[in-house]
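Visitor: If you want the building blocks of each chain, they are given just below.
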Amino acid sequence: MSNSRTYWNSLEQYNNDPEFVKNAQREFAEDLPVDEFLSKEEASQSSTTRRDFLKFVGFSVAAATVAACETPVTKSIPYVVKPEEIVPGVANYYASTFFDGVDFANVLVKTREGRPIHIEGNKLSPINKGGLHARVNSSVLSLYDSGRLQGPTLKGESASWEKVDSAVASKLDSVRANGGTVRFLTSSYISPSGKKAIGKLKDSLGENADFKSVTYDAYSYAGMRYANEESFGKAMIPQYHFDKAKVIVSFGADFLTNWLSPIEFAKQYSERRNPSKDWMSRHYQFESNFSVTGTNADVRGAVKSSQLGLSVIALYNELAKKAGAATVSMKKFDDDNNVSDKIKTAANELWSNKGNSLVVSGSNDKDTQVVINAINDLLGSYGKTIDPKTEVYLKQSDDKAFVELVNELKSGSVDVLFINGTNPVYSAPASLGFDKALSKAGMAVSFADRLEETASSCTVNATPHHYLESWNDFNPKKGLYSISQPTIRPLFNTRQMEDSMLLWAGEKDTYYDFIRKNWEKDLLSKQSKYSYFDSFWNSAVHDGLIEVESSAGSDSEENSSMTFNADVAKSASAVSNASKSSNWDVELYMETSMGVGNHANNPWLQELPHPVSKVTWDNYIAMNPEDMMDENGNEIYPIKIAEKYPAKTAKVTVNGKTVELPVIALPGQRKGTVSIALGYGRTKAGKVILQGDQKAGGQKTIGANVFPFVEVVNGTMQYVASGASIEPTGTEYPIGSTQIHDTMMGRKIVNETSLKTYNKHGKSVWNPDIEIANAYGKKTPVQKLDMWNDHDLKIGHHWGMTIDLNACIGCGACVIGCNSENNVPVVGKDEVRRTRTMSWLRIDRYFSSNMTKPKAKEEGVGKIDMYAEMEVPSEYPEAVYQPVMCQHCNHAPCETVCPVAATTHSNEGLNQMTYNRCIGTRYCANNCPYKVRRFNWFNYKADYKFTGVNPSQDDLGKMVLNPDVTVRARGVMEKCSFCVQRIQDGKLNAKKEGRPVKDGEVTTACATACPTNAIQFGDLNDDNSQVNEISNSDRSYNLLQEIGTKPNVFYMTKVRNVDEERVSEAVKSHGGSSHGHEGEGSQGHGEKEHNGHEA
Amino acid sequence: MVKEAEVREPLILGKDVTYHKITEEVCAPVEGRANKLWWFIFTMSLLLGLWGLGSITYTIGRGIGVWGLNTTVGWAWDITNFVWWVGIGHAGTLISAVLLLFRQKWRMAINRAAEAMTIFAVMMAALFPGIHMGRIWMSYWVLPIPNQFGSLWVNFNSPLLWDVFAISTYFSVSLVFWYIGLIPDFATIRDRATGPIAKKIYSILSFGWTGNAKAWIRFEEVSLVLAGLATPLVFSVHSIVSMDFATSVIPGWHTTIFPPYFVAGAIFSGFAMVQTLLLISRKVLNFERYITIQHIELMNVVIVVTGSMVGTAYLSELFISWYSGVEYESYAFLNRATGPYAWSYWIMMTCNVITPQFFWFKKLRRSLTVSFILSIFVNIGMWFERFVIIVTSLHRDYIPSNWSWFHPTWVDIGVFVGTIGLFFTLFLLFTRFFPVLALNELKSILKVSGESYRDGNKPEKENEELAA
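Chains as they are written, first to last, in our numbering: chain A, 1 to 1095; chain B, 1 to 468.
In short, the hints are calculated from the structure, not lab data. It is possible that part of the hints are untrue.
Claimed, not checked - Not close to chain B: a few residues of chain A, all C-beta gaps over 12 Å, as computed: (1) L260; (2) D341; (3) D522; (4) A642; (5) G762; (6) T921; (7) G1000.
Unchecked claim - Reference listing, derived: stretches of chain B covered by chain A, where coverage requires no fewer than 3 residues with Cβ under 8 Å from a Cβ of chain A: (8) 44 to 57; (9) 125 to 135; (10) 150 to 164; (11) 182 to 189; (12) 398 to 407.
Said to hold, decoys possible - Going by beta-carbon spacing under 10 Å, a handful of chain A positions derived as facing chain B: (13) E643; (14) D742; (15) M838.
Where a beta carbon is used, it is the ideal one built from N, C-alpha and C, also for glycine.
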């Protein structure tokens, strides 16, 4: 804007008149009468003396100085021009998509004042239907991860994009000129536009270049794809329908939290786990580790991981006998907990539900999957519970191609290697030697958000955006396209991978334009709803996804002719031969929080307890407690672990690789096997993975990496290793577990029954009211007894929550949802060890025990011995989950004891906590029978102990805080508020629109996150609300209702689909409770018969 | 009973005791110089006290997290120490007030020190509800004072609030009672003081006491009135402290037997602490003549009676937990006796139920060594009683998933040991600056006439002088 124009005020100025020039120098236009003023008599006769003057000066200076001493003001800068869509204090929601190569979810991103603060599921999604996984809703925190790179790097040093681009361009130019090999290594990549962008680069390289994409996932499903290729002629993964299967048999597939598309499967599965519907599915799980899916199974058989394949063949043979097909030969396998009987029963049920049954396997072995396909083929599952026409694109790893790539790299023939979304230096099997191979690449360009293990060995890291900063499209399954849109301007000097590809290909378009063009070209025509592209695009961006009908044509013809034609006998004998008997099998599994380690620097996930073991912050060797003792019954490793009782470590050696990890007792883990979670032991992920006392200098990275144990067998990655050796080291290792006690001690905490009992008997048999008799023997249900006056809750709202223990799978998505919504501090492993987790919502997990009260009575076991035995879980127990948050008691024990009335009852039934008023006596927490109150032991947002872990301690991490919720001060009590800020928001919205609050309009963060709709929230005063209906149903009960706290949270009795009767213990012991509370506690699941059945 | 003096042992021993001698002996520690032993114990106590103050400062500076508490066990050593010290603070007022009303003259030799102990113990006790708060700087909110927060008021339903009233009332009444008793003795010291500063201070402290008959009449009346006021307080304070637990829903706390059982326990532990202190101070300050074996024996009788009451209470608790049939309740007590903290339960049982039973034997009751050792046992036992009630009830309550442990940190230990240090520091200062025995009251039980004032051996001569 250089501009030499000048403006003049008058003609004199323009003419440079001498008079004007002279006057221009003077400050005042007229002469001031200064001399006259000073010569006046009055001036010298003023009563103001010099001393007075100095006093005034002194006072003024002091006053000015004091006035300047204010408390520091943190400036908030208002918008100069307010963006139209941003109203301070009002949240905006954007539909987007999360996909990191492991998990896929259509999400809604909640933003406040332009920053994303919370992630919810998109209810329109046919995949996750509004549900989420803990790894998905915690991803909002990774946007504000201070471990992220703030720009591109060249040879490990930060560099400008120009330098990086020219470095890459010169290399690519030389390929263009001289030819060469270019490889694009990526995790499963499902962006249709992105694929085209990569195609552009390929095209730009010309004929000379040998360009190939290689898909490699740290946790591979290649075995399934190869098996389907062999069975049906196409390497693909079909759509599974767990909601259509009356009988589900899973061999080690943790389909509820990890396998394939867990959120989708959890949703489907839970739809058929409601006993009041016309039918409820029965679920058999055969596995070696105790997975989340295994804990939810009706019948579980623990099988050594090396023999899981044999059990698949056993099932095949059983079914083949029924079908009249040829059986295949197999080795015998150890039959520990009646697995062969369970397989027989499973086979019978599968067969009688032919066409309505489903068998899946978590194995990555092609042959095992071929046998599974054969089983499903025998059962007629294809076209019914398995939909091969809807291909799922989420897992595309090609292990053989990856091995080939590593060999190419080793030979030094790869000129340029791009690495996107995967971290093979960390995750590739040690035997492949990827790290050495990588150094032989001509130039390695990675697209990683930090200098992790792989990126730090690459020449260039073209740091990409976070997904919340990017445009992208995804094609997760046939006919479904979804979009991710930026919800914030890129925080750093980063550039999306696809943009880099387009740029390096010499394209002019930005990736956004590229996607639009691509959609206009490819997708507009596939749908008929919109005829103009803009409205089509806008609706897709608004909804986050579109579903298009798959075009009729060659595809569907090919699918419809899919017939199973693999050689089962050959595959079965391969499986049978591969199974070796060994002392120790090691199973490597994906854990609910860490997955494959992508989110290692996310403290929310690190602190999320593992659903089954409840351990946080570490991976460990999970071992059956019986294996932890020597022949004489002495503990080699401590079984009970608590603050002062650390675990002991062991060295696990598999194929010459050794890792040292703590040993944790996990009942249900198959004896002779151990399981270890993948995803830990990251070394270059950020500060969160360093745990320990900073001042003491004893910081260590969390856990150990067991990816090196993975072996490539018959072309696929195998996550099972047999012939391992495990040596106790005797070294102690502190472990942070959120639950120290494993069993319910015969109390009615989780009420449980069987489907048979549920269908046959009334509520009084399996969910009896607790009654108290008066002096004359007249019994009254405890709900009707009261020593207090009732709160008046009839007018207005009365908020309540129902939790269906049948639907809850224990995954922990609600916990992360709550942490994110309510700014719950992360406290780190050491505080977890001290039983001081701050999480407002915890998921209790109980194992069943061999000892029950009726059994003790029958066998004449004394009380002391009975309780001692009750503390010990069974060898292969059943497990139950119970989410527990503040129960919002209508007669809350906490409210009466607070000396300053900091916790009070609202007229809407909420138990409110006034942080400002709290003085921190902790009396309320002591008097809480549910122990759901959380005390701020430290100043988590400033204390040095939490610098490394608590996101609210760093400027970037702070941005994730929800401005609607106070960050609590040190010394105050906090707890679940039923998301009172959401209630308030919903009420205000309804008020503005002049209507009552609709059911489902106001809901809590936990209920929103739940992938199985186990948690419902609503108004109990609303006769038509869902919570009202559910809380009045027969399955409903209050936790510890005999204390008379009258909670607003209702639990639904868990009903297992098993054949035996499971009568409530209260009923069983004396046909209804007599006086007092005697025997109202209930182990609930008639453990005795069940174990008898198993034994 | 005609020959009372012959049947009963004299309360003050020694043939040559005169009024003057009492004055001389009681004032000696105040007027003389401290010996090395005093300095040694004082330094040790002060160091412990400073460590305690350091630990408290650290707690307030960083947060309650420096203690070993957790989500499940929200109170442990803090409230254990609080109840322990409050309990100890019961003996003094009981001795001075209740025994005054019952005309038990033997109380005169021990009431002053016992009351001082009460004051200091209650001070130590009052420290804990303060520092155990997450935000001690807001602690004044527990007082029902007008405030700028609108209609915000305290919660009169909360037993913690009752505690505030109970303890502050008890402390103030005990302090006034103690001080009233001190006035004539301060006057005696004032009259004997040689240094101008000491004279000034003691003359202020003695409120212009002249010792005339009118003053003595008023003194007696005020003492009686205060004794009447203080007596119900002795029983109310610990009843109310026990309600912190008894009104809760936690199995092991929710027990109606608590008020009487806590009062008995408090007297039991208070007498044990008085015993410990008296046995030391009678030796160190040469008060064997005033604090006699008879005193020790009488104290031991109180210990065996209250100890047996406490033991009965323990057994009734066990019985009721079984008889009620409430599974949480019965588990709580079973867990105390057999669970992870069984060791503390059995320490409590041994120290509080078994050890006092030795005092059924007169020989042991009158043995100084046995008395001293057993009084220490009782002090330990009563600390563990509170620990057992608080920690073992909390650590395994209703929901097993929350069951947890409590392990003290060095700060927990520091605060506790620190209060013991502070307590002894204050007590030792008391012995240097206050008349440790109620010297003017003691004179009233001396079986000697005032004629022996100048020369105890020659009353006749004195009479002659007076006659002349």
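Visitor: Taking the earlier hints as the rules, which of them does this structure contradict?
Guide: 4, 6, 8, 11
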